[in-house]
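Taken in sequence, the protein lines are chains A and B. Mapping of the first sequence onto my numbering: position 86 corresponds to residue 86, and the numbering continues sequentially without gaps. Mapping of the second sequence onto my numbering: position 161 corresponds to residue 161, and the numbering continues sequentially without gaps.
Hints listed in this document are in silico derivations from the structure and should not be mistaken for laboratory results. All C-beta atoms in this analysis are idealised placements derived from N, C-alpha and C, irrespective of residue type, glycine included. Some hints could be false.
[Stated by the list, open to error] Below, simulated SDA-like cross-link-like pairs (lysine to any residue); rule was C-alpha separation at most 20 angstroms, straight line:
{"id": "1", "chain 1": "B", "residue 1": "K136", "chain 2": "A", "residue 2": "K14"}
{"id": "2", "chain 1": "A", "residue 1": "K47", "chain 2": "B", "residue 2": "T319"}
{"id": "3", "chain 1": "A", "residue 1": "K14", "chain 2": "A", "residue 2": "V122"}
{"id": "4", "chain 1": "A", "residue 1": "K32", "chain 2": "B", "residue 2": "G82"}
{"id": "5", "chain 1": "B", "residue 1": "K344", "chain 2": "B", "residue 2": "R229"}
{"id": "6", "chain 1": "A", "residue 1": "K47", "chain 2": "B", "residue 2": "S359"}
{"id": "7", "chain 1": "A", "residue 1": "K47", "chain 2": "B", "residue 2": "R229"}
[Stated by the list, open to error] According to the in silico footprint, chain A covers these stretches of chain B (three or more CB under 8 angstroms from chain A):
{"id": "8", "region": "170-179"}
{"id": "9", "region": "183-194"}
{"id": "10", "region": "200-208"}
{"id": "11", "region": "298-308"}
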Amino acid sequence: MRLLTHNMLSSNIKGVTNGFPLRIEAEKVVEKTVDFNADFLKNMFAKVEWNALVEASKTMGYFELPDNVESSMLESDEFLQKFHHALLELHLEEGALICPETGRKFPVSKGIPNMLLHEDEV
Amino acid sequence: MGSCAECSTWVYGGQLTNGCPPVYTSSSHIVVLKFAGLVGHNRKISSLKIGGRRRRRMIVNAAAATEKLQNGIAELYDESSGIWEDIWGDHMHHGFYDPGSDVSESDHRLAQIRMIEESLRFASVSDDSADNSLQKPRKIVDVGCGIGGSSRYLARKYEAECLGITLSPVQAQRAQALAAAQGLVGKVSFQVADALNQPFPDGKFDLVWSMESGEHMPDKAKFVNELARVAAPGGTIIIITWCHRDLSPSEESLTPQETALLNKICDAYYLPAWFSIADYIKLLQSLSLEDIKAADWSEFVAPFWPAVIRSALTWRGITSLLRSGWKTMKGALAMPLMVEGYKKGLIKFAIITCRKPAS
């Protein structure tokens, strides 16, 4: 699971008011090279929840992303490379995503999150 | 017509009655009652009272039956995806053909791609990258993604991010492996998740895509609600699904023969109760979705099931089926029923699209 995906996932357990972002429990993180595409990154930038991305990348062991951003930073190749790396190249292979309100763990196995809810969570 | 005694869904058909004023039960609750072994397979059932302890038992059984259906679906696809992919490739949907045309075996893959393109065109999803680049979808969800054929195709076509969800862990793994092999790891991702409880915040997807997965959904109202919830304001929803024919104004349900045929198909493919195109339109209207369009594309898919049957009867097909599990074989044996259903005008291949209001 890349952090681009994590940025889109939330816990919709019954009764939870804000299930985003999910906390990450990282057991196995793998770095995978992904082709750099500046246009794709610029398109994604507007839609990314930045704070969630920064916090998630730190959990995955990457501390290079700035806490605060503005769109002018997209002109900087150095920034784009860091953004690219955090968003697309850090993979959670094994671990869990944790509902911020209930603490319920959604397992991540071989890079695939299992977000199925139990009967009593619906 | 009325609202379901169990879940308050507005009901367009399917009622339980004990001869006194009818108690309405949504098709999803009739389905789960079916899977729980509590009622027969007809949409209209007589002599069944619901009340008190029995109602509570039914609610518990209903949840168990839904889980049983979900497990059945996951197991069917865990078992059969490999053999399908081996013979047909990574698109697990009907092809789109010109009526009356001669179709050779090599045309089916192109027809499956044409199905995606025709669906996008029908829904007026922007294709022109030079003009209207703002309107190209940026974030796409593939609901019931199979091994990710549509996800990868759409992500490549629109240079967009696409997330796919499926109940089958085997499919999700395979989808991911194919994405990696095709250099799409940066663009597509796959999750095991429930289409009736999608793990996304509201309003995130410019394009909500459901290609031949709606027929698996036990609660169509919840299914459509979730599609609408995750669609972004101004976003497009495209549903391509198997429906039964619309009922005429004087009809309350399909004929017993039609119901019997559909039930056999449902058993083989882990399908809960079917909707008609009119049922879907009413649901979309009730959610105030805009630009609702629907069409019966049955004439454009006619060569598909006969072709699948022929592929199953090849040496490769038969040996693969014999090596696969019972669920897959049962599904294969049910294929002529699909042909029969289409020929009788009972089964319709439907496309239904709409847009979420911009504000």
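Hint-by-hint comparison with the structure:
no., hint, result
1, B:K136 - A:K14, "34 angstroms, violated"
2, A:K47 - B:T319, "48 angstroms, violated"
3, A:K14 - A:V122, "5 angstroms, holds"
4, A:K32 - B:G82, "26 angstroms, violated"
5, B:K344 - B:R229, "36 angstroms, violated"
6, A:K47 - B:S359, "18 angstroms, holds"
7, A:K47 - B:R229, "17 angstroms, holds"
8, 170-179, "holds (count 3)"
9, 183-194, "holds (count 10)"
10, 200-208, "holds (count 3)"
11, 298-308, "violated (count 0)"
Of the numbered hints listed earlier, those contradicted by the structure are 1, 2, 4, 5, 11.
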